[in-house]
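Each of the two chains sits in its own frame; use the hints to bring them together as a complex.
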Amino acid sequence: MAFTISALIFFASRLSPIDPINAMVPPDMASDSANLEQLREELGLNDHIILQYLTWLKNIATGEFGYSLQSGQKISEILALRMPATLELVLSALVLSTILALTLGLFAGAKKGGIADKLSRILGVVGIAIPDFFIGLVLLNLFAFRVEWLPTGNRVAPGQVTFWDRFPNLILPVATLTIAMLAVLIRYTRNSVLDTLNRDFVKTARSKGVPEWRVLYSHVFRNSLGPVMVLLAFRLPLLVGGSILVETVFQWPGIGTTIIAAVTASDYPVIMVVSMIIAMVILVASFLVDIIKSILDPRVRLGGGN
Amino acid sequence: MRKFQKSLGALGLVAALAVSVLAAPSQAATNNSITVAEVTAGGGGVQQIFSPWINSGSISHHAMFRALFKAEANLTAVKPDLASGYKFSKDGKTLTVTLKSGIKWSDGKDVTVDDVVWSMNSLLRVAKSNAVYVNAFKQIVGSEDVNGTNTKTMSGITTKGNVITISLKAPVNTFIPALAQFMILPKHVLADEDILKLDTNNYWKNPVVAGPYKVGTFSQGNFITLVPNDKYEGDNPKIKEINIIVSSNLVADAKSGKLDYFTTNDPDTIRAMNSVSTFKSAPLDVLFYRYLVVNPTGPFSNVKAREALKYGIDWNRLVPAIYGKQGKVIVGGVASGMPHYLPSIPKHKFDKAKATALLKEAKFDFSKTIRIRTYNQSQPAVMIIMAAVAQQLEDLGMKVEFLPWTGDATTELWTNRNYELALKGLSAFNVGEWYAEYSNPATFEKLLGAQPEYAALNSRLLQATTLRETGKILTELQKLEQQDLYKLPMHLLKQVVFISKDISGTPTKWGNPLYVYQNNITSWSAN
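Protein chains in written order, with the numbering used here: chain A, 1 to 306; chain B, 1 to 527.
This is chain B alone, in the form it adopts within the complex (with noise of 0.2 angstroms):
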């Protein structure tokens, strides 16, 4: 028996040396390769390339995906990319690009014209797409007669040889920053394939693309590594290897060194990374909201009542709160400091005498039960804030019920409908999407009804075309949105950058990382 118990003390040994002989921590970046952490679409592990349609920010959209145009760190300004320019009539309502020759697709085969106008007409046909394409392309003459169950195109683009005519049906003030997002596709790999269900194609896994890199090895559930793409005709990248991984604890992969670059918004994790030394970071104002949309059809009908929630809750103390200098509380769509902010609106206020009179006024049933309803159960952050909301709620005399939702958010929101608060975000291009949601026939006019004033507003905004007119416009909208308070605006979310300060050549200048800019991609290189 003693000589089996020996026996066992040393296998035990054994495994402990041969663990600590197998398993030392990788290294991510070396002269050569990098890894970053970034969302990949299908869920349980690296699944495929998200499709840059829906959303585009990734870093493996920077490397291997192009559009005619490429986004200054602002958004708004652009560059050459795939166009060598583009020329505007003086209407503003004809737009003529002209196409670059010699670009080629990682497959060989040239970037045509009509790579171009099958992209602009497939993004129509999709079942899933972001909305910023969407409502600009449907500015396009013809586009009404384009959908997923037919084979039309738009007879609002036309081309001749290297140059494509885009006819709009009014001018489009963000129609250059739109297409500046928009990535073209290959038509003539995907022209056969399911194009309602392009999200889920497995062109995903292995794109044909034109940018600098191209995906290299595709291990399922694993990760993927992209290497430099030999057909594009800009510089060599310098970094040989870009490995994407799916990280379930950034600041975990960050300190041991198997992880390069990675973004986020989560509290949690920015806090933690200031211990991690090997990291520098970058906070950006981007146009994340969170909000709670309020239902009113019950409790809330009355506008006093929903007035009081802006000085019920102490939003000054809880935003900094959870989320420190990340959060900034705001009052209506365009925050402080932004281009044509209303200064006049009143800001967010703790006074509970004037929200419990408020309520009064508006003859508030304290006999119902408020029910507060989550998504991003998951992230503490989230969970904290809508209990602290909660409870101030109480403290008011509601009777309060707070719980995550139960289906999904989407049903839940525009359909079930039950629920007097609800949390949502956004994550914006412009500020015009935060207005357009009020005149959304999918969304909030399934809860409000027809919102014609907020549609026709917001159909000015899209084409303004002087920052006067926009000016006017947005603060039209505040006004509007502060008169109806159907939104009640939170707060922004800062989101922040991380990159190994091994890493050099990186922009100067960080823009949004949820869209696609000139980030200097093939400067990068890792020391």
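Isolated chain A, as found in the complex (with noise of 0.2 angstroms):
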């Protein structure tokens, strides 16, 4: 599957009409076509495409992903340089909707109509019917542009030295990924506690009187977390792409502006390395998927066997 991926990443970059000289060069800024030529030899781009693909396989394999052809840089630097921030954004997006949507699905589903659950309704109905990026603007333009309390983007700026001092600019692409992402989740915990509230086992418990938290907790909410574990472990190549837009709304620096920039620049060995940690995390994603539906639910068994 990953040589599958690999090569339709590489072939795929190939049959883009542009051309990478060009993208980095454009002739009324070459100073000579000769620097060019040297240029293109130097890049590989003058070897067989094969060869180009094969060199580009065993360079990924061994960890030389290559350079960027808008910066020069070190793809591996890029990457080292961007993921932090990218980390920083979905990992705190991630847990915070994570506990939300675990609470409010949990508490709408044991109270059907109670405050809980409306708030989880209106809340799942945001966040999907919503695009992230026009939640990240709206929220952007309350908060950033009319009362001013939140900055208006970026991770860093200058001055600002600790976790606290940057901690203001991390609010808002948090919410605005947490609310994205809250809304499966909360419908899919409050689907599950519904459905495991008309378990045999969870009549039984009340039927002995053991107190209603503890039903809620040790029987539905336990018994409730399979599907909810799947969704989460299908988020995980957010945590190495980065959400796109949302990065892009609030020039947060990660992962996700560094796709863009290099879209937009024709940079295509950043775009293919990119595009094949994703696929790897995701074909990873996929098999802790396996794993964690064979451990929550015994009736699934990997290897196939009966």
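Any given hint could be a false lead.
Claimed, not checked - Simulated pairs of lysine to aspartate or glutamate, EDC-like, Cα-Cα distance not exceeding 20 angstroms:
#, chain 1, residue 1, chain 2, residue 2
1, B, K197, A, E77
2, B, K205, A, E77
3, B, K197, A, D28
4, B, K197, A, E41
5, B, K446, A, E37
Said to hold, decoys possible - Away from chain A, derived, C-beta distances all over 12 angstroms, residues of chain B:
#, residue
6, E72
7, K90
8, G102
9, T159
10, A191
11, D266
12, A321
13, Q391
14, K399
Said to hold, decoys possible - So the derived list for chain A, only partly shown, Cβ under 7 angstroms to chain B, looks like this:
#, residue
15, N22
16, A23
17, V25
18, D28
19, M29
20, S31
21, N35
22, G72
23, L81
24, E148
25, T152
26, R155
27, P253
28, S266
Just so you know, the hints here were simulated from the structure itself, not pulled from any lab data.
Model, not experiment: these values are computed from the prediction.
The C-beta atom is built at its ideal place from N, Cα and C for all residues, glycine as well.
Structure (structure tokens):
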């Protein structure tokens, strides 16, 4: 699967009508045609396409990701610099949205029609119906432009040294991503809780006089986690891919904005490496999902045995 | 359950309070610090300083880099900078430049004639550089021997002590202004680097420089802070920190005090800045051209069909409607009001009947789809004006398809050439650059074939040493341009400098912010 993906990524990038040399050096900025030819040679663009693919594959396998056409920087350095920003953003949103979704989903399912249920339905509809970049723009307009409580973007501004200095920069992008992530997760949790509440073991526990909080926590909540964990595992690729739109709206210098900048500048080595890494993480995440499923549901077995 | 709901409410309240306490809006201009927004290389936030050999003019270039001469605001007159003076021989072919002594790089090493010679030779070795320097330096004797694949140096540059002698193949009237834009880089730092890819070298993240400032903090993706260069021999700069950021919302950042200086030609930003009372502005006439490249191989092969575009589109309504006073309708490379403008050139005048007649005369093939292509599709003003152009062509009876480029504009314009009309822009150092495009083998000549007439006139223009001669050649070029109409000039666009009213000591007369000139940066101070 990994080979197929790598071939797709590589050859798709070569099908693009963009000449990387022209993308790097527009003709009216080319000092000499011989210099451009030399550059093409140095970048291996004159090699046969199969040789280029095999070289790229070998380099990727050995961790040599090559250089960005746009900045000249090592792609591994770019990833090392950008990944912490994306992890900070996505991990914060993932943790926050999980806590909120599990809590709200549990109480929404436990008391249908209650305030938690109504709130979760509103959040669910808002999060699903409205794209995350739009939520970001609304929050930006309210809190950064109108009341001016929060900064308009960027991760670190001049003079911000500690984490707490730059904490305000984190609030709006994390809030945006949290709302976007919350929606599906709340609905999953709520439905799963409702489903579990109707199960026999819950009825048995209640009939035995077990306190309601214990029924909810020990019996309902734990047994409702299965589908939710699967959904969470599928969000792992976000940790490396970032959220392109949210990062762009808030000028967050993570992997998402790196992808946008690379696509805009036809920086195909960066596009290929980031796509490949995201594809690999998706493969790992699906494998994880299978493992989680097998742990949570004994009916599912790994290895396909009877 | 009720308890839980109360807890949720309390949590929300605490979060809101925390936000309001933590998030006081930042203040940019303090006594010792200002923040400027500029385009940096690399994309995706602040990556590195743009190589001044590609584009100069940003505040980081003004603050850190130096040339042999410093241009005045008009970019033509110069004063000494690294050089103490210069002298041309009587025939205009030998230039003698004397370098000042005692000037240091920020790492403490001396600035020497070797740095100057190395920089001038290296300019011809890099893959990417500004045409202003390339065109000037290719006139130096021996320049043809130097490129990225060899280690030769130009035989026309020699040194003796602090004196550099440059021999030219022919007089070049733009040579000194070009040298005033050409930043000298440190040979001892860069000589062993891959010069071909100099523009992407790590040097630009923390360059060794000779100007009044150097990089203090480099926070990749976030900001760069410039601090005074203690090796600078001139006056100590009054501002102790210049923060360079990339801003995606200039107006909001200016309003909230996060920003003190930026330049733009975006009409929406300029309009919105009218409401920001803490800023003053300086609109500047610069040679920023927007025009249509007309592909002469299809339906517009007849010059009459090209001429119809002057009358079939209401340029005098479209340009002011979209750009206001910022846009100026032009009919050629030399705009009205500029020296050597040829007033006999017919102005754009909306006359649908005349346009229709011209198309008929040209036997225009209305069955063919006119493909209009554009770059800068992210700029609403560009898309609006091009959509209006498309609409007016449809009104003339043409079938029109208007799309942004799908690939890179360069390949599409000059290699693929699948268009009839394409928007192009040019930020020119002087009017000669506009006409030099016609005979550029890497661009227009790919579309038009060889253009010996333009090439000869351009060569003469470069060598003209008197105003009279320059005027005569520009007149010929303007006539030739009208005769061919390969480029349909639309408008010039003013660049506007916006600066916080808290900053004083700025120049009384601003120059073109796309180039470097004497902008007194060491005298700027923040109140």
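**OP:** Tell me, in ascending order, the numbers of any earlier hints that this structure violates.
**Re:** As far as the earlier hints go, not one is violated by this structure.
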